[in-house]
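Residue numbers (the working numbering), protein chains in the order written: chain W, 158 to 431; chain S, 398 to 829.
Keep in mind that the hints are not guaranteed to be accurate.
Which bits of chain S does chain W cover? Going by a derived footprint, with three or more residues having C-beta under 8 Å, they are [to be verified]:
1. 462 to 471
2. 493 to 503
So these bits of chain S aren't anywhere near chain W, every CB distance computed over 10 Å [what the hints assert, rightly or not]:
3. V474
4. D488
5. P624
6. A661
7. D690
8. H693
9. D728
10. A789
11. D793
Heads up, incomplete: computed chain W residues facing chain S, CB under 10 Å, no partners named [to be verified]:
12. F178
13. T198
14. W200
15. N264
16. W284
17. P374
18. R376
19. A389
20. T394
21. Q398
I should point out that these hints are in silico values taken from the structure, not numbers from a laboratory.
For each residue, glycine too, the CB sits at the ideal point set by N, CA and C.
The residues making up each chain are set out below.
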Amino acid sequence: MVFVYPAVQALWISLHEWNGFQENMVYIGLGNYERMLGDATVWSSLQNTLLITVVGGAAIFLLVFFFSASLQRRIPGKKFFRALLFFPVILPGVGVGLIWQFIFNNNWGPLSLGLNAAGLGFLDRTWLSPENIVSSLTVAIVWTYVGYYLIIVLAGIEKIPSTFFEAARMDGASEWRIFRSVTIPMVWDVLMVAITLWVISALKIFDLIIATTYPSPPRGSFTLTVFVWERAVGMYTPVFQLGYATALGVVLLILVIVGVAVIRAVSRRDVLEY
Amino acid sequence: MKVMAGAVCVGLLLSGCSAGQSSDATKVVYWSEFNKGEPLQLVIQEMIDTFESENPDITVEANWAGRDVLTKLQAAVQAGTPVDIVDQSNDRILTAVVDNGLAVKLDDYLQEPSYGKSSGAWLDDFTPGSLEAFATSDGTFMIPRESYISGLWYNVDMLADAGIEPSATGTTWDQFLDDLDALAKKNPDVSPLGADASIDFYNNWWFSYLAVRVAGLEAFQNAAHDPTGEGWRQPAFLQAAQMLRDLQDKGYFQDGYQGSVYPAMQSQWANSEVAMFLNGAWIPNEVGPQAPDDFHMDVFAFPNVDGGLGNDLVEYWSNAWAVLNIGEQSDAAVKFLQFATAPDKGGKMLTDAGFPVPIQGAATPPEFAGQDKILASYTTMEQRGGLQGEAAYSTDVYNLCNDPFFLGDTAPEEFIDCLATEGAKYWSANPQ
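Okay, chain S solo, but in the shape it has when bound (with noise of 0.2 Å):
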């Protein structure tokens, strides 16, 4: 009998390892571009929890690896190690993980029952138009999971001060003019403008609005994808930098902009030192908790221009998750992500810790209020036109051209001349 009670017991211990170890479910990896504590990887851990706590067939092995996560993925691809999801801003998933055939298609998938759901789609989940701006002409290879626009960040309270009240869109060219105008006045010791010079692709950001706005989306996209590079020869091109030109010359942005090295511009805007900078909606979680508690922010849309081409289109992006056709459980990872991108689960665990989701009913955080309002009258366009999402182009010429004239060392003649010349070069050596 006792050793009936015994083989019992021991069966019963086995058999309670054998539960608790999981070893019949199954794994999906999971690479994130968070490390551990950071207010996401927070979220996303409370995500797994609950979802493997749902589904007790799957464990989610998270590798919290940090912003340089598509680096170690090479290894991983090398190597043969199965991942089955990967998350970075779409721009570098389009680079490194889509555009090298990594990524499994996920338009089946989202005409699939959302999670938990026996009937509608997936897509269904998402807001109008925020799938479609991730997808390639291939199809959807992306998950948006926060999404954010770009504008200019201001201190509420030091506008109101000048008497000036932006409205989150519609600002015209001339009265932004007006605004710096006034706000150099009223506060000689503010700098209207702020910059941190040392990223280049917060430089460009100034060159791309304008650009977009004066001569149109399309012939901005055509221009840095012209063979011959003279497409950047258009007088649309030279007007908008002579634009951004005449905001340095009158002197906005604040003394020793070009050798501002992030986020020091930040702390002077925090610090009531800068008035507004343009950036993205990120801003918020960014700058906030390091802001004064009586520190009001908000933002407004890029100025449009009289007569120009591209009024009306504010940049948009995500930070995205991709499922890997180097992993084993495609099936698995996508039921996690429907899983954390329902808007009563992942969604509403996102929006809580304040993040703004591209999720069909999700409650706006309050700090993207102007990030709602703009969204809901103006078009998207992808970071920098689509430029950003083209890594090398971007780099080789765009950067390499705009970042000596952002910093004044060249002339907008020479800026245009110097797109071309690249551009043309560029291309050469890398036939489209």
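Only chain W is shown next, with the shape it has when bound in the complex (with noise of 0.2 Å):
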């Protein structure tokens, strides 16, 4: 009742032209989907989408790999670096995104003066400018969120009975090789159900681009949802366009239930028990 009257509701609702403040809806059929096809900025939205949850869960699932790997091994401070790369999770959204709005500004932002001071002047930036913004977007939602996925795969690891890895040493497989053969088989399942969550947080991130680009994301750093939002309520310049935007969020709904079954039709393989 709580997921399907709303779902269908939604559904019910796209099929309309509505601003929200009149109490009936102009029923126009497949309209506002014909609409998205002529679109261009839920092209470009889409495309941020993809971008982020491609690029980014690629360099977030590397990292999780290398870190989980470094953090296998009996390093001092272990507990420290853990609580470390974590920390960004338990920061609000807004607070992170403002965060990376001032690391992002060229006059005072950090990155650019450190680029500077070290003479790296030429890798400097205008990095929310329009050609940048989606690629710095991204790295501000890897920082944020390699600590989570780090956990859940840690989590995973640490249930591995360790006569596992001293077998694997014992036959004289290197560091790597456990890790490929011993450690990412073994944790598989629990590594499919982190990249499924990515998968869903990536098609819905909302916060940290709205706060980095706080009040008012400029529209080539639109993703589906900051696009749903902007034809919803907007900020400065309101459209109230809520057939529209109910009819991306149904959008948003489908991509991200194809985007579940992608993952779990090409990640099926045999459980391993232990």
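Using the hints, put the two standalone chains together into the complex.
Given below as structure tokens:
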């Protein structure tokens, strides 16, 4: 009831033109969906959403592999590093966004100042300009979320009996080989859950983008969720197109369902029991 | 005896309670764009308290809903929750409230005596033209509270140091270019112009003013409403776009303005890294408190263009109140607004707090002297020549085309082509 009723209601609203202030909605059939096909902002928002999901996801899980392999070892300060990596997760998205808005500021932000001070001024960019904004936001997103997925994967690794690692070492396997042939297969299910969670949250990402570009995200930074918000309520110049915004939301829901189904299909393999 | 005394005491207590709760009082429900603690919220709360003490039969229940008050109002409309008064900027009130038939027409009320008076008309409390500026062809649906213009805000000392002392009105485009050049030469480390390009409706300010100056307001509005979009292809609009591109090509805007997220540039301005920028008259209240004590700011009107058809026009807008027809206490709501705009009541409270109000005889806060001078000799127009109040066109055509142009990603010709093409597409989907 909690999920199905709003979903069906959303589907119904998406077939209407409605601004939220009038009591009656105007039925337009698939008009909102047809409009999406010719709306360049839909496609650029979709492109940004998929870029963050795929490139951001690849970066996050590469870092997760790197850190989990590193933290698997007996190194001093292991708990500290784990807490440090997890730290951004406990910060509110709005706060993280404002931190990154500061970092990316070309005048007084530490990124530009640091690069110039280190003689690497040629690497300095207008980080939040239209051509760089999505890449910059992706970096912020990776920094924010890597700790969360690392903790999930590490929790899976810690469940693996140590005898497996000891046996592999006795057989002369390198640390990399142990990670690739023992750790990954034995946390495969956990890894897939983590990837599924990432895809869902990446497709819905909102607060960090809004906060980094607050108070008015430029169109070039729109993801689908930001576009839904802009159409529904906006910030400075609200257009109040609730029917269209709801149709965009329905597309987003379909994307999430398809994304999860694809991950489940490609990740299916025999369960290892131990 | 003891029983009687007890009964009297209980009676007095009960009557005391009932008087304190004002259970018979008329309740006006007011949803405000402000959050608790903001300067204007404090002023309005003071108004409510004073109004209630002068009118014990009316209570004003304020909901400090914040800037997304209109979004919250959607839910109220759907749920049938009575709301009597709402406030926001005039363009948003127009789009969300007036255009949807939710506002009470106030023309008859404006003919009634103003607050506490037995003769005269409420409309006489307002400065000439200020009500008309926010009226529609169907009548008056909004009451302006604080009113603002837009113009070029500048660092007085920095310009004086470069030998520039702008007059509030009458600057020409050629003079303006000379001033920018002088500023750039005098202090190469300072950007003559600044912009926070993260905000689309700030970005469209430059082209809007230039287009209106060169082509005239009527031509500008006609082009925007041309169902074929071809109106934008008049040479005057290309000329306006090229004038803006000229400023950008000369490097007058600060480095990286394309990625400047509001209010980063305003901080640069307050720190004397930028000389001037185009913005609204909220700047004294927005930047003033953050600026150094010795920072002096002033404003001059957007430059006139030689031979232009839209010179001596200035944008004028207001944060406005509307009385809603989904409320139950229109008369009491209007009475509160009459109090809020009475020169010796709410009007005084607003000016004492440093806000410029369109009320007869109200003292102008010193920071807004420039605004007063401009308003004294210029004709007012709506924001962006009226396009700001047409939210969908503004977003889906005007800003869609202007943003890439302002950011330097498209040429003037491509910009004009975009306006024409997207305009035609928009009007085909949304016939007038």
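Structure-based check of all given hints:
Restraint check on the segment 462 to 471 of chain S versus chain W: 6 residues with Cβ-Cβ distances below 8 Å, three needed, restraint holds. Proximity of the segment 493 to 503 of chain S to chain W, defined as three or more residues with a beta carbon under 8 Å from a beta carbon of that chain, is established by the 4 residues found. Its beta-carbon lying about 6 Å from the closest one in chain W, V474/S breaks the requirement of being farther than 10 Å from that chain. At roughly 8 Å from the closest C-beta of chain W, the C-beta of D488/S falls inside 10 Å, breaking its exclusion from the interface.
At roughly 18 Å from the closest C-beta of chain W, the C-beta of P624/S stays outside 10 Å, upholding its exclusion from the interface. With a least beta-carbon separation of about 6 Å from chain W, A661/S fails to lie farther than 10 Å from that chain, contradicting its non-interface assignment. Under the 10 Å C-beta cut-off, the non-interface status given to D690/S relative to chain W holds; the minimum distance is some 21 Å. Every Cβ of chain W is farther than 10 Å from the Cβ of H693/S; the closest lies at roughly 22 Å, confirming the non-interface assignment.
For D728/S, the requirement that its beta carbon stay farther than 10 Å from each beta carbon of chain W is met, with the minimum near 23 Å. Not every beta carbon of chain W lies more than 10 Å from that of A789/S, the smallest distance being close to 5 Å; the non-interface claim is violated. A cut-off of 10 Å between C-beta atoms contradicts the statement that D793/S is not in contact with chain W; the least separation is 8 Å. For F178/W, the shortest C-beta to C-beta distance to chain S is roughly 4 Å, which falls under 10 Å, so the interface hint holds.
Evaluation of the T198/W hint against chain S yields a held restraint, the C-beta minimum of about 8 Å falling below 10 Å. The beta carbon of W200/W comes no nearer than 13 Å to any beta carbon in chain S, farther than 10 Å, and the hint placing it at the interface is violated. For N264/W, the suggested interface contact is upheld, since its CB lies about 6 Å from the closest CB of chain S, less than 10 Å. Interface hint status for W284/W: upheld, as the beta-carbon distance to the closest one in chain S is roughly 6 Å, under 10 Å.
Annotation: interface hint on P374/W holds; nearest CB of chain S at approximately 8 Å, less than 10 Å. Annotation: R376/W was flagged as interfacial toward chain S, and the flag holds, the nearest CB pair being 6 Å apart, inside 10 Å. Hint on A389/W holds. Least Cβ distance to chain S is approximately 8 Å, under the 10 Å limit. Restraint check, T394/W versus chain S: the minimum CB separation of about 5 Å is within 10 Å; hint holds.
At about 7 Å, the closest approach between the beta carbon of Q398/W and any beta carbon in chain S falls short of 10 Å, and the interface hint on this residue holds.
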